[in-house]
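J.: Protein chains in written order, with this note's numbering: chain W, 107 to 340; chain X, 504 to 980.
Don't read these hints as lab results, they were simulated from the structure. Take these hints with a grain of salt, some might be off.
Which residues of chain X face chain W? A few of them, derived with a C-beta cut under 7 Å, are [what the hints assert, rightly or not]: (1) 560; (2) 562; (3) 825.
Stretches of chain W that chain X covers, calculated by requiring three or more beta carbons in the stretch to come under 8 Å of a beta carbon on chain X [what the hints assert, rightly or not]: (4) 150 to 160; (5) 280 to 289.
Quick list of in silico lysine to aspartate or glutamate cross-link-like pairs, EDC-like style, CA-CA up to 16 Å [as the list claims (entries may be wrong)]: (6) W:161 to X:896; (7) W:328 to X:896; (8) W:250 to X:602; (9) W:170 to X:552; (10) W:335 to X:602.
Being a predicted model, the structure only gives us computed values, none of them experimental. Built from N, CA and C at the ideal position, the CB exists for glycine as well.
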Amino acid sequence: MQELLDFARGPLFRLTIALMVLGLLRVLILDIWGAITAYRRAGDRQLAWGDALRKTIAWLFPVKRVFTKRPIYSLCSILFHIGLILVPVFFLGHVQLWKSSIGLSWWTLPEFWADLLTVTTVVFGLTLILGRVGSAQARYLSRKQDYLWIPLLILPFITGYICTNMVLSPNWYVILMLIHVVSAEVIFVFLPFTKIAHCVLMPLSQFILALAWKFPARVDDKICTTLNKKGAPV
Amino acid sequence: MGTTRITAAEQEKALASIKKPDIIKKQKLNVRYHVEDYDISDRPRRFLEAFAAILKHTNYRFALEHFIRVSAKCSRCTVQCPVYLATHDKHDIPCYRSELLLSVYRRHFTVGGALRGRLLDNGELTDEKIEEMAESFWNCTACRRCTLECPVGIDHALITHLGRFILSEIGIAPRALVVSTREQLEGKTGNTSAIPVPALIDTLDFLEEDMKAELGVDITFPKDVAGSEFLFVPAVSDFLMEAETLMGIAAVFKATGGSWTISTDYFDAINYGLFYSDRMLERIIRKLYAESERMKTKAILIGECGHASRSAKYYVPVHCGGTKARPVYNIMEYTHRMLEEGKLKLKPDAITDTVTYHDPCNIARQGWIIDQPRELIRAFCPNFVEMTPNKKENICCGGGGGTVSIDEIRPYRTTIGGRAKADQIRATGAKYLIAPCANCKKQLRELVEDQEIDCEVVGLHDLIYKAIIFDTKEQKS
Ligand code: HEM
Ligand code: SF4
């Protein structure tokens, strides 16, 4: 057991992190490359950069939305995200892990806050699932991944919380720790290939949206040629 | 503001098929709008060919790639869509509508999707899916409100726009739009309303006489004056239906001494291409621009029309030389500038009834024309009330995206598409509803009639016409 855990915390951790980073870089580069290509092909390159930037910031820190449409949902989502982003990166135990695997360390979350954010993430993760299951509209839209992601995401939070805050027999500790580490690694692997890629792609959205309406010049002729429609009436 | 949901009886009326069964069978298409006969063989294959050709030559691919990567399926867009708010039908959820096309893209144009589809043997494009798209994409009014609410930034209206474009390449597009566009690009009259030039000239002469009688001022519609500052092009239907708007505009030019002209060669700013085909959009824009070159005007000035203004403003630069292209303005920008410069004088209490203002989606959503009309209205009307929500977050009249020109779907437009708007108008209790857009005006008139709202729909310049002051002798003569 202990060896398995050491393996999961050591080589497997480094491997899955590497996969995640490469995977995220891949989608990020593809996205940006697509945008650059579109920009170069656009017949008109005046873009409302400022407007897109303003909207991007508004959605990255969606404070205003909390007070307008769907306030409860927005609040749950925001509280869920805060812990989701902060705890994996800034919890003391994780920072030690980061240091031992990639040799860098940084500021750590005070323990109280780490615990609190873990609890909020779990609780609001559950409310998000309930919200999804409870809403006919969301149910209609949901794919498998939409249901599976939140349970998968809160699993390491739950096990991590138990391991740090409860007195456990050594065996149980190892088992829970193993679940904690492996579930996190499963997340790392799948993250870039699913909707969770939004954690790096979101900041591009508003720029892509503005650019998408800037069509390339003079495509009528080309499309007609490809579709064999040259000279066809309207 | 809560939108009232339609009742079952209203829904039945709105969705009733007006089509004869034999036509549905012949065209393999059960949609509410009329379609010209087209080749029904092998639709999925031809749809995919058209999709591929469009992806190859346009910029849509990168946006679709981004959308399929980030789509969170959160269903927030429902709170914004006027169609969904009226029907509460799951098929009207913007994100669902988009998924119709995104799933085709994923299955047939991405490696992962193709692999998964082959392995599981599912997801292939079928005739049924094409029919669902043909229905769904024309239930949307392309108002782009859902985009305001999507947290990950998916533009559902862009996807609908693309979906309609692909469908039109296999022959599925509302007949009303196709026939008008054909007349505009290839017909004898060269405009969507098929107005012959002599009839145009007659109309303008008649309006000039009217203005003389009403205002006692000689006001003209300059025709074919090469080298003018503005080539003025309204939605051509204005010449038939919006005489007062045109008179208001002519009066503004008279009072401000502006240099403008109408070309009797080409006088139609309508661009249905924006609604169903980027190829037609491009052809119409190039025709418009060629006319401004021929007339050697400094700029193009579009009348009171949202989609015509948006298509010219955003696609003249795209197809006619980027920043070097002649600028495009909307008439309200001109009139507003004249007010600011003090060249236009309006009686401050010309209209004492309550007036409200409808923001046309195509000029307000992106924040282009929002304050100008409001400042103009306040200059002649002390009783201006806002609808809520308004400005960038306005609610569509219910006839957006070209649907207003499809007469056979009027019941749909005035019960479902325009439901949220009707509630809004009622709440203001206004006597006049200003809608500076040919499409919005037509839809709103039908809406207030069918929903029995006591309110008169007018253009902005219709009221300016009543408020304008000609102060100098020279202007009077
Ligand atoms: C940089 C930061 C991030 C931003 C700006 C962001 C933003 C968003 C937004 C806008 C949504 C859409 C709907 C909603 O509001 O719930 C969302 C949903 C979601 N995000 Fe993030 N996110 C970020 C990072 C992450 C990370 C790192 C994860 C997981 C590892 C994650 C997991 C999720 C999940 C599971 C959902 C779906 C919630 C549901 O099912 O309702 N996010 N995120
Ligand atoms: S564009 Fe308007 S009508 Fe169409 S789905 Fe979005 S909100 Fe609804």
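J.: Holds or violated: is the Cβ of residue 560 of chain X closer than 7 Å to a Cβ in chain W?
T.: 4 Å, holds
J.: Holds or violated: residue 161 of chain W and residue 896 of chain X, Cα atoms, limit 16 Å.
T.: 14 Å, holds
J.: Going straight from one Cα to the other, do residue 335 of chain W and residue 602 of chain X come out at no more than 16 Å?
T.: With Cα atoms ~29 Å apart, residue 335 of chain W and residue 602 of chain X exceed 16 Å; violated.
J.: Under the criterion of a CB-CB separation shorter than 7 Å, is residue 825 of chain X in contact with chain W as hinted?
T.: 5 Å, holds
J.: Check whether three or more residues of the segment 150 to 160 of chain W sit with their beta carbon closer than 8 Å to a beta carbon of chain X.
T.: Held - the segment 150 to 160 of chain W has 5 residues with a Cβ nearer than 8 Å to chain X, which meets the minimum of three.
J.: Mind checking the alpha carbons of residue 250 of chain W and residue 602 of chain X for me, to see if they're no more than 16 Å apart?
T.: Holds, because 15 Å separates the two Cα atoms, which is no more than 16 Å.
J.: Check the hint pairing residue 170 of chain W with residue 552 of chain X against an upper bound of 16 Å on the C-alpha distance.
T.: 44 Å, violated
J.: Examine the segment 280 to 289 of chain W for residues whose CB is less than 8 Å from any CB of chain X, and state whether their number is three or more.
T.: violated (count 0)
J.: Hint validation: residue 562 of chain X versus chain W, beta carbon distance must be below 7 Å. Holds or violated?
T.: 4 Å, holds
J.: Within a Cα-Cα threshold of 16 Å, do residue 328 of chain W and residue 896 of chain X meet the stated pairing?
T.: 37 Å, violated
Hint check: violations occur at hints 5, 7, 9, 10; the rest are consistent with the structure.
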